[in-house]
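Visitor: For reference, the chains in residue letters:
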Amino acid sequence: MINQRSFAQFLGWGIFVLIVGVVLPLGVRQYQVALLTEIIIFALFAVSYNLLLGYAGLLSFGHAMFFGVGAYTVAIVLNHISGLSFFGAVMISVMVTTVAGFAVGSLLLRHKGVPFALLTLAFNALFYAIATKWHSITGGDDGLSIRLPDINLGFAHLKTGDITVFYYITLLIIGSVILFCWYFTRTAMGQTVLLVRENEERMKFVGYNTNVSRLILFVFTGFLAGLAGSFYTLHYQFTSISAISIDMSTIVVLMVIIGGTGSFIGPILGACVYIYLQDFLSDITDRWPFIMGLIFIFMILYVPRGLSGLIDSFGERLRGRWHLRSSVEMEE
Amino acid sequence: MSDIPVFFLHGLVYAGLLFLISSGLTLVFGMMNVLNLAHAAFYMLGAYFSYSLLNATGNFWLSLIVCPLLLFFIGAAVERFLLRRVHVYGHVQELLITFGVAYIITESVKWIWGNYPLGVNLGGFLSGSVNLFGLFYPIYRLFMFFCAILISLIMATVLYKTRIGIIVRASVDDSEMVNTLGINVPLVFTGVFGFGAALSGFAGVIAGPLLTTYPGMAAEILVDAFVVIVIGGMGSLVGALVASLMIGELQSFGALLFPKLSLALMYMLMAAVLIIKPSGLFGEEQ
Amino acid sequence: MKAMQERKDILQVRDIHKDFSGLKVLTGVDFEVKENEKHAIIGPNGAGKTTLFNIISGKYKPSSGSIIFKGEDISGRSPHALTRMKICRSFQMTNVFKELNVFENVRAGVRCDHGLRYNFLKRPGSIPEVNEKTEEILALVGLADAGETPARELSYGQQRALEIAVTLSTEPELILLDEPTAGMTREETIEAIKMIDKVTANRTLVIIEHDMDVVFSLADTISVLHNGSILVSGRPEEIREDQRVKDAYLGEEAG
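Chains as they are written, first to last, in this note's numbering: chain A, 1 to 332; chain B, 1 to 286; chain C, 1 to 255.
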């Protein structure tokens with residue numbers, strides 16, 4: 001089972017991260033602020049992926065299909081509907097993603113394990129093919145650029161084009177959604193997901209429709225990935241074919257595995273490390289994806305609980321109450 | 001109208017290629033319950049090894065033998081040193097490790113050969129055309145098709161007529177049972193995994209001169225091979241054969257009749273199979 | 001006795017056949033269970049008892065025949081649908097949530113029964129009745145003090161008790177118990193029978209059992225399953241005296 005931290009502990013972390021999040025941009029260069037924005041967006045993408053992998057035990061190689069649908073929908077509606085507001089575009093985008101999640105999820109309903117992994121990859125390829133071929137709408141290989149609408153709150157006019165302003169908007173919205181995801185893992189539905197993973201047969205025999213529970217979770221994670229995708233487009237004021245590619249699905253797998261699937265924090269950590277590492281390595285060498293691949297294999301072989309697992313066991317050692325948590329999710 | 005036989009033959013050629021890849025994939029899955037995401041990366045390596053060997057020696061026949069052999073050892077090493085280590089952790093870790101291998105192979109290929117398409121030039125009679133009942137058809141495509149048939153026949157003979165074939169088929173049905181018979185199942189696994197890689201590498205060698213050799217070729221054919229084994233039924237060789245023919249012809253005629261929809265057709269077929277028979281045409285119901 | 005005759009049938013099993021790729025396991029099973037009856041199904045190993053249970057509880061679909069529950073044909077329905085119709089089963093091999101504690105094991109079923117299944121906003125323990133009901137069931141099976149213990153750390157007897165508690169968690173009207181005392185010592189078995197008798201008061205029970213002492217002390221009615229069909233159904237004393245049963249079942253046991 002997932003290592004569930006106490007509420008107080010999590011709240012403490014939450015407040016700490018929030019303060020850091022608010023204060024951090026004050027002292028750093030614009031470039032760093034943009035990087036932080038990217039981290040927050042990818043943190044949500046990774047958290048949504050881990051709800052599938054870490055909580056439900058469903059390995060998907062196609063999570064970018066929803067990220068991409070979110071990214072493209074925002075770009076398409078902003079290009080075609082004049083006067084559409086910032087939040088209007090985001091709303092339409094997540095609605096479209098939810099519908100896409102439902103359509104794909106209904107076909108995958110009866111599958112889990114290896115066939116599920118294979119099918120998600122195939123569906124991602126389908127979405128990618130649509131995005132490349134449907135040139136008139138998606139711009140094909142050229143991608144789509146947008147003009148970012150400002151946010152008018154009545155009492156304040158937010159210039160979303162400003163990197164720092166956009167950062168705070170992202171922190172507020174995506175940050176609260178990530179917090180909700182954490183709460184979700186404690187709700188009846190979140191617990192149902194965990195229990196289905198642990199003993200699906202018994203869940204059926206105490207009255208749960210486990211296919212429905214899988215579908216609901218799948219649609220929900222699609223919705224979250226779509227939201228992350230829409231902010232990705234808004235952040236870069238551009239979307240390209242890479243947003244919906246299998247490479248993007250690969251990135252989220254790498255982030256989550258590096259960060260660790262065994263805790264809620266793991267994927268967030270993974271997103272931070274991946275993006276900073278990418279930023280750092282790509283300055284030094286063009287071969288940074290190769291290095292990422294080596295790190296990935298190393299983690300799978302030697303650190304199956306990821307960085308968050310490492311930190312957990314290190315912390316426990318420090319506090320002198322080292323004991324093996326037999327509840328490590330992967331080792332069932 | 002004279003297009004129809006040409007497109008039919010094109011479809012057969014692609015089906016042959018797909019079968020070479022998907023048969024190894026489905027055999028490994030049926031036996032080890034591992035979906036090898038690096039399978040198509042082995043195919044790509046076959047194409048690139050062949051490209052380099054051709055540049056060095058100019059002998060295509062040599063690469064037809066050497067490259068699959070190399071891939072056999074690479075595949076066996078992946079099984080022995082990576083896959084087996086994570087086996088105890090379950091399917092998720094197994095899938096992830098093959099995923100990591102695929103990723104590293106793709107990045108290595110970009111590193112060594114560059115991130116752009118390479119052309120493979122074949123000299124000799126293979127690059128010509130032949131008159132088939134009044135229809136001029138490239139010899140190379142026919143050659144590919146006959147290679148696929150030849151390999152399939154050899155594979156069928158080995159699987160159904162030899163002792164090792166019986167062991168492999170029995171392992172597909174029930175590997176625990178075979179284990180209790182005193183057969184070294186891990187060794188059989190390594191062998192079959194390596195054999196699957198070699199098969200995939202062979203497909204890469206013969207695909208190289210026809211299709212472009214580039215770092216995206218693995219992902220491209222992997223998805224087609226996945227669709228094949230979903231439609232055919234995971235673990236079923238007969239299913240892989242039938243579905244390869246379906247997909248090969250569908251893509252070929254799709255390109256002729258509905259050029260805009262040709263890609264979607266394949267997925268529509270897959271979705272239809274998923275709705276009507278989720279375990280695939282020849283798959284066993286769970 | 002007379003009162004029992006007048007009770008309504010809650011479950012009717014009609015001509016159930018089941019074959020697994022040609023192997024005929026059940027060849028026309030017929031019997032009925034009356035409301036609040038304690039009905040035992042006995043039979044030699046391989047008679048198809050567990051298969052029959054798997055069909056009644058929705059794990060397998062019958063090859064032919066029908067299961068009628070309160071006048072409604074329920075054959076082939078999925079387990080979760082049957083659970084919501086108030087049919088719930090236990091498993092021969094303890095089948096609980098090993099990583100969870102005892103309380104949460106039982107609460108999973110209780111909250112499902114209270115409609116708290118896929119809720120995105122409420123926590124599992126947010127309805128007081130759910131927690132109360134869970135405590136109540138735990139007290140009933142004698143696990144009141146073990147609430148915090150992870151299921152995998154329980155003793156064997158406690159695991160069997162938890163298995164029954166999880167089965168009870170959905171408030172079933174028809175309870176199907178698959179060899180609840182399997183693997184227990186004599187003393188544990190006696191305790192278990194007392195407990196089962198207590199928790200199934202005012203409910204209908206169908207039980208598969210090997211232990212003849214359990215069967216004869218618990219059941220109102222016994223059906224003997226032999227070679228895939230019901231050989232005879234009747235009151236315990238009738239079964240005890242029946243020559244066919246002696247030949248088929250007890251004879252085999254001795255041999």
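These aren't lab readings, by the way, just hints derived from the structure by calculation.
Just so it is clear, the structure is predicted and the values come from calculations on it, not from any experiment.
One or more hints might be untrue.
What the hints assert, rightly or not - Once the Cα atoms are required to be at most 25 Å apart in a straight line, the calculated DSS-like pairs of lysine-lysine come out as:
#, chain 1, residue 1, chain 2, residue 2
1, C, Lys70, C, Lys24
2, C, Lys198, C, Lys34
3, C, Lys34, C, Lys61
4, B, Lys277, C, Lys59
5, C, Lys24, C, Lys8
6, C, Lys198, C, Lys8
7, C, Lys34, C, Lys59
8, C, Lys8, C, Lys98
9, C, Lys246, C, Lys24
10, B, Lys161, A, Lys133
11, A, Lys112, C, Lys8
12, C, Lys34, C, Lys86
13, C, Lys70, C, Lys98
14, C, Lys59, C, Lys24
15, C, Lys61, B, Lys277
16, C, Lys34, C, Lys70
17, C, Lys70, C, Lys86
18, A, Lys112, C, Lys61
19, A, Lys112, B, Lys161
20, A, Lys112, C, Lys246
21, C, Lys34, C, Lys194
Visitor: Does each hint hold? Answer for all of them.
Guide: Hints, one by one, checked against the model:
The hinted pair formed by Lys70 (chain C) and Lys24 (chain C) fails the criterion: a straight-line CA distance of about 28 Å is larger than 25 Å. Restraint check: the Cα-Cα separation between Lys198 (chain C) and Lys34 (chain C) comes to about 18 Å, which is no more than 25 Å; the hinted pair holds. Our distance criterion of 25 Å between C-alpha atoms is met by Lys34 (chain C) and Lys61 (chain C), whose separation comes to about 23 Å. About 20 Å separates the Cα atoms of Lys277 (chain B) and Lys59 (chain C), which keeps this hinted pair within 25 Å; it holds.
Restraint check: the Cα-Cα separation between Lys24 (chain C) and Lys8 (chain C) comes to about 31 Å, which exceeds 25 Å; the hinted pair is violated. At most 25 Å may separate the alpha-carbon atoms for a hinted pair to count; Lys198 (chain C) and Lys8 (chain C) meet this at roughly 22 Å. At most 25 Å may separate the alpha-carbon atoms for a hinted pair to count; Lys34 (chain C) and Lys59 (chain C) meet this at roughly 23 Å. Between Lys8 (chain C) and Lys98 (chain C), the direct Cα distance comes to roughly 39 Å. Violation of the 25 Å bound is thereby established for this hinted pair.
Between Lys246 (chain C) and Lys24 (chain C) the alpha-carbon distance is near 24 Å, which keeps this suggested pair within the 25 Å criterion. Between Lys161 (chain B) and Lys133 (chain A), the direct Cα distance comes to roughly 47 Å. Violation of the 25 Å bound is thereby established for this hinted pair. Using a Cα cut-off of 25 Å, the hinted pair Lys112 (chain A) and Lys8 (chain C) is violated, with the two alpha carbons roughly 43 Å apart. A threshold of 25 Å between alpha carbons decides the hint, and for Lys34 (chain C) with Lys86 (chain C) the separation of about 15 Å falls inside it, so the pair holds.
For the hint linking Lys70 (chain C) to Lys98 (chain C), the alpha-carbon distance of about 34 Å lies beyond 25 Å, and the restraint is violated. Annotation: proposed proximity of Lys59 (chain C) to Lys24 (chain C) holds, straight-line Cα distance about 17 Å (limit 25 Å). A distance of roughly 17 Å separates the Cα atoms of Lys61 (chain C) and Lys277 (chain B); the hinted pair therefore holds under the 25 Å criterion. Taken as a hint, the Lys34 (chain C) and Lys70 (chain C) pair is honoured in the structure, with Cα atoms around 10 Å apart against an allowance of 25 Å.
A C-alpha spacing of about 11 Å is found between Lys70 (chain C) and Lys86 (chain C), which places the hinted pair at or below 25 Å, so the restraint holds. Proposed proximity of Lys112 (chain A) and Lys61 (chain C) is supported: the alpha carbons are some 22 Å apart, at most 25 Å. For the hint pairing Lys112 (chain A) with Lys161 (chain B), the CA-to-CA distance comes to about 35 Å; that exceeds 25 Å, so the pair is violated. As the CA atoms of Lys112 (chain A) and Lys246 (chain C) are separated by approximately 48 Å, the hinted pair breaks the 25 Å bound.
At roughly 22 Å between alpha-carbon atoms, Lys34 (chain C) and Lys194 (chain C) fall within 25 Å of each other, so this suggested pair holds.
When the structure is compared with the earlier hints, violations turn up for hints 1, 5, 8, 10, 11, 13, 19, 20 and for no others.
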